[in-house]
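S.K.: Here are the chains, one letter per residue:
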Amino acid sequence: MLDILWLLLCTSLVFLMQAGFMCLESGLTRSKNSINVAVKNIADFGLSVALFWALGYGVMFGSSWLGWLGTSSFMPNRDDPQTAILFLFQAMFCGTATTIISGALAERLKFTVYLAIAAWVSGLIYPLFGHWAWNEGGWLAQLGFHDFAGSTVVHGVGAWVSLAALPIVGARRDRFSMEHINPIQGSNLPFSVLGCLLLWFGWIGFNGGSTLALNDQVPGIVLNTMMAGVAGMITAALWSWVQQRHVEVGFLINGSIAGLVAITAGCDSFDTPIALVVGATGAAVMILTAQRLARLKIDDAVDAVAVHGAAGAWGTVSVGLFGAEIDNRLAQVGVQALGIGVSLVWAFGATWIILSLAQRFVSLRVSEADEAIGLNVAELAG
Amino acid sequence: MLDILWLLLCTSLVFLMQAGFMCLESGLTRSKNSINVAVKNIADFGLSVALFWALGYGVMFGSSWLGWLGTSSFMPNRDDPQTAILFLFQAMFCGTATTIISGALAERLKFTVYLAIAAWVSGLIYPLFGHWAWNEGGWLAQLGFHDFAGSTVVHGVGAWVSLAALPIVGARRDRFSMEHINPIQGSNLPFSVLGCLLLWFGWIGFNGGSTLALNDQVPGIVLNTMMAGVAGMITAALWSWVQQRHVEVGFLINGSIAGLVAITAGCDSFDTPIALVVGATGAAVMILTAQRLARLKIDDAVDAVAVHGAAGAWGTVSVGLFGAEIDNRLAQVGVQALGIGVSLVWAFGATWIILSLAQRFVSLRVSEADEAIGLNVAELAG
Amino acid sequence: MLDILWLLLCTSLVFLMQAGFMCLESGLTRSKNSINVAVKNIADFGLSVALFWALGYGVMFGSSWLGWLGTSSFMPNRDDPQTAILFLFQAMFCGTATTIISGALAERLKFTVYLAIAAWVSGLIYPLFGHWAWNEGGWLAQLGFHDFAGSTVVHGVGAWVSLAALPIVGARRDRFSMEHINPIQGSNLPFSVLGCLLLWFGWIGFNGGSTLALNDQVPGIVLNTMMAGVAGMITAALWSWVQQRHVEVGFLINGSIAGLVAITAGCDSFDTPIALVVGATGAAVMILTAQRLARLKIDDAVDAVAVHGAAGAWGTVSVGLFGAEIDNRLAQVGVQALGIGVSLVWAFGATWIILSLAQRFVSLRVSEADEAIGLNVAELAG
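These protein sequences, in sequence, are chains H, R and Y. For the first sequence, the working numbering assigns the number 1 to the initial residue and increments by one for each residue that follows. For the second sequence, the working numbering assigns the number 1 to the initial residue and increments by one for each residue that follows. For the third sequence, the working numbering assigns the number 1 to the initial residue and increments by one for each residue that follows.
For reference, chain H alone in the conformation it holds in the complex:
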């Protein structure tokens, strides 16, 4: 029962990450779009949990068909407490992977198209890759791929789907002008800071619960998680200070989250000083990626690809580089890179194909006029 209590607590904590993403993204976008962003953040939760219940949980954690696909445990019922709690905990993860996308594509993506992408991720992309990596019979798991709580499985997948959609959907119209990158001010940055702290709060459960049991490892996992977030924040703050002579709030927020994303794959296998290094370097990787993407005129409204994708990939590789119990580092780095590569091919590739096809038939983004008015009014009355 102690394990069940621990997972119930962790489920609750991870549930609150939905509120965290909502606050973060709503505050980072302009007030003319902030309600629309909030609505996407809550609607996707309903959709993804429903799909994960009907389909995804079974595909991901059901008995494996040749390592590729789960074939049991669909529609968990209350009469099996063990499955009920595992489903609840994992459903929050599916919701997390999905909601990452709403931030990246904020302020231009059509609501209905967003829901379609959310269904695509939570019904297909996430559970299948999750099966490969996290089902004990999954083929990546069998190869020794180690992604403890989902730097790649959860955060990477959400980021790669975003990355595929971003160039197809295109940048916000005010974002790039000729040679310039125009910063777009958030409407409510204290709300975003609240979001960051709620995410951090949830991460205690995200990583701490991924043992699926309350054992001696848990305090160390939470310790590593906390310190990596701290190291990410400090690194980003220093970077901001050196580069701009002030500490930008976006750096503090995204630095913290990048540190947390980076540690997620190996929070169970690093000594704590290493966890600090992984968090700090995760933040650096995030900043470099965000700046690179901006120069490439890829307009990620909250730098979600950099935070969840790049820092997550780095964290996944770092398990091979620095993990305490790794025998053959080179081989492990190879497996880790393979896992990342597969997640890219699958989540980025399949999404890119489907959206490229889809845009021949439907418009993925709102009209120019609607974008100018703002999506609060154009798409949704309050």
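There's no promise every hint is true.
[Said to hold, decoys possible] Here are some chain R residues pointing at chain H (derived, C-beta under 8 Å):
#1 L2
#2 L5
#3 V193
#4 C196
#5 L197
#6 P219
#7 L223
#8 A237
#9 L238
#10 V242
#11 E368
[What the hints assert, rightly or not] Footprint (simulated), chain H over chain R, 3 or more residues, beta carbon under 8 Å:
#12 94-101
#13 208-216
#14 266-279
Please keep in mind that the hints were generated in silico from the structure rather than gathered at the bench. Keep in mind it's a predicted model, so treat the numbers as computed, not measured. By construction, the Cβ of each residue, glycine as well, lies at the ideal position given by its N, Cα and C atoms.
Fit chains R and Y to the given chain H structure using the hints.
M.R.: The following block gives chains R and Y in isolation, referenced to the frame of chain H:
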């Protein structure tokens, strides 16, 4: 100790529902009233917990006098850990029942009158009905009335008191004009979405803790709770889409909460697919009720009567209709209906009488001028 | 493992107090400074946890050198679960002590100077005083000083540092004019109410976890905590009503927090009716202090000194006055007063000296022009 830990966790979760209601209601009201709403939401918590400690807990859970009234356990002290934790958990429920009223009557009810109503509910109405339904010696409990975590006991009672007060206090002056129903825009809808998510977070404890112990039922209860909220949200979203060609944020929020309210009575007795049905139909009942009340020119500022009263009543009846362990469905439906009827007579009836009398002597609502300026300024400086 | 689970839960709860302080302070300050305040609140968390990991935890809880200084347990690693969880829980306390200062000095203190003060507190002032009072070998602990969860150790220390800095840094330029005290309106009071509720939520863990184990005392401790907050709120509300004929939101918020601060020292040693008295009188002490400080033209932007310092000192003394297991009340009151005196000499005195010296070389506050523009723009772009 495991049970105590579980109840401490659930108490904490349910406590945060106070923050949930505050964010929800403050965001759904106009900025000229949003602080006033927030103040009511925090002040009523202090008042209701104080009264529940002094009086209500004993009335509700003390040894029963003929099934009508508790006569012991007043003013719980720290030297009895068992009573301390039960009081804490139940005090949060009393606070929930009370705070529902602040939203329904927002933007016009006098602060002092609101406090008087809050005292009336938490000192008298709620504990007495609670005794009848939840004390093991209570007369409704003895008849077999089943309201597991309070669809009627908590949510219904708060809603019926609101329903009695609404026509007496009257609509906001801008709400209805001749034939028209004028929608009143909330001031901060992302804040309301945060409130909805905090309520949802709290509901894990609200329903999960109502076992008063950590047993094998708990994961299933939380599963049913989560899925009913999801089903309520999806139903309301589809309804909004079909009726208005867009998904209104109010539908998403209130649909989720209505699903959660509806499942509260029977989260321990439905199979999970049934929980989805109860959540979905709960949202439908909520929408039909909200639209009916608006046509009747009853101006519920946050649709609290529809969300907590109508969906709660439906959820209470559905225990008889769909509960897994019900032998005689007809008889059980009868008892459930009786319980709802009693809650109506008592909470609605007694409140209606007392407020009808009271309004002969004092004005229940703020002056027209104050309503125009807004209650932030008129009633309370920051 | 049950104790570890309890501490993990409490750590999570106390972590969220960071969000509580951020919302509270950001909402109570003007919008031109609200982002700056939020940034200080998150940046100091990173800094203080990093320093507490590297240095402070060992200084505070390492094996004692003559009762003055810890000399072991620096840089806790994941391989020692017991130390990991104790560090995590205590790191949140260090973060709390530090973040109090950001509110008091809001809207004028330079960001870099604030970070320096935060480092000063979390690296030196807090861990050393914490060692004296909370290390079992600490000299104040040996004398019998009883401050269960930190009315003085955490809240007092944060407040005294603020009190030392306030007159040196000076008042906000709009605050006092000739004979008048100009109230400065908060920008987002519902956000502050949310902050207050998040703090209250966190306090369940703050006091409840300070047993460092889940035992029979815990429910009573949480009960006392909850009731003292309620009593503080009601007292402040009545005070506001009597003095101003309306209930000001600031009184509700600060009354609640003052009640919680006051009970923190003795939540383990009062019977519950006494806890109500301590909470109520704590709020009264807070109000009198806040009004006195304002008359002295000491401009505490959120009344942090009154809330955390004065109510905390009163709560610390009240352990001697009303604690249930005290043999020699006079002697205990003396020890309690000694502890408070030492905290004042150390936290106030040392800070006053260092800042007095520092201001000869650097400017501690932003320029007049920057203060007029607001610190959001002047110090930090979003």
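S.K.: A separate judgement is required for each hint: does it hold in the structure or not?
M.R.: Hints, one by one, checked against the model:
1. L2: 6 Å, holds
2. L5: 7 Å, holds
3. V193: Nearest chain H Cβ about 4 Å off; hint holds.
4. C196: Interface hint status for R:C196: holds (7 Å vs cutoff 8 Å).
5. L197: 4 Å, holds
6. P219: 4 Å, holds
7. L223: Given a least distance of 4 Å, the restraint on R:L223 holds.
8. A237: Since chain H brings a Cβ to about 6 Å from R:A237, closer than 8 Å, the hint holds.
9. L238: At about 11 Å, which exceeds the 8 Å cut-off, the nearest Cβ of chain H leaves the hint on R:L238 violated.
10. V242: This hint is violated: R:V242 lies away from chain H, its Cβ roughly 14 Å from the closest one there, beyond 8 Å.
11. E368: 26 Å, violated
12. 94-101: violated (count 0)
13. 208-216: Holds, because 4 residues of the region 208-216 of chain R bring their Cβ atoms closer than 8 Å to Cβ atoms of chain H.
14. 266-279: holds (count 5)
Violated hints, listed in ascending order, are 9, 10, 11 and 12; each of the other numbered hints is respected by the structure.
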